[in-house]
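**Student:** Sequence:
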Amino acid sequence: MAGRRPAIFLAGPGSKPKSAGTHFTELTIPATGDFPLWPGNRMKPLRYLLAACLLAPPVAQAQTAAQSKPGWKPVEKVETYAISGQTGPELYASIGERGPMIGKSPTIGKSKARVIAHTNFKLTWVRDYQPRGGACVLASARPKLIITYTSPKPSKPLPAAVQKSWQVFAAGVAAHEKVHGDAIVDMVRQIEAVSVGLTVAADPGCRKIRTELTNRLSELSQTQRQASRDFDRVEFGQGGNMQRLIVGLLMGW
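Under our numbering, the first residue of the sequence shown carries the number 3, and numbering increases by one thereafter.
If you are wondering where the hints come from, they were derived from the structure by calculation, not from laboratory data. There is no bait here: all hints are sound.
Below 25 angstroms or equal to it, Euclidean Cα-Cα: the simulated BS3-like pairs (lysine-lysine) are:
(1) K146 with K79
(2) K124 with K155
(3) K180 with K146
(4) K210 with K146
Keep in mind that this is a model prediction, so the values were computed, not measured.
Construct all of the structure, not just a fragment, from the sequences and the given hints.
**Tutor:** Right under this line is the structure:
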C-alpha cells in the first residue's frame, strides 16, 4: 500500500459489519530503489516523535472505552515478517521487497501492493433473538473479536546505531497500528450498545430485526472506517508522524 507518498488502504467490514476486516498501512516503494521522500526533502531533523495515539482524539476515546467497559475483551495477536539489511535504507528497501501483499488498493489503483504493516480483525457474534408478544427482541449480543497486528522484524542483529533508529521506527509503527486496533474495539462496543435490547414490532419470526440491525451496524462501520482514514491522512501527511518515522530510519536519526 517513483516518488509517491505512502498510501493507505483501509478495508473494514464493509456492508457486513459482522465479518472480518483489515486495516492496511500501505507504503509504495519504487522499483528503482529510490525512497519515496517528499517534495523538496524539507523534513527537519527528528527531535520528538509524537506517539500515534496522541494524534487521534477518537482513538483516545476508544482506549478509554476499552479500559472502562466490563465484560468481554478482545484477543490481540502480534505477528512479524522477516526483513534483511544492516542500514536504515537497506531495511526500508527490504520492507518494499518482503512486505505483505494485499489485494486491490483503491488509493493507488494497483491490483497488488506491498504494505509496511497491517491490522486484521475477525469479528463474530453470539446473539439471542427472542420472540415476545409478536415482536422480536435482541436479548443479548456477545462478540468474539480477534485482532492481529503484522509488522516487519530484522532477521539479523543490527549495528548499535541502526538498532537505535530501528527501535524508534518499529515502536512508532506499532503505535500507529494499535490506534486502529483500539478504534476497532470501540466500534465493536458501539455495535454491542445498539444491539442489546433492539426491538422490532410485528416480527415473530425474528427476520425483520436482522435487517434493521444490519442497517445500524453498517453506519457504525462506515464511521469507524472514515475515522481511520482521517487519522492516516494526518499520520502520512506532510510533516506527519509516519513520514518522520520513515525519514528518521533512512537518515539514521
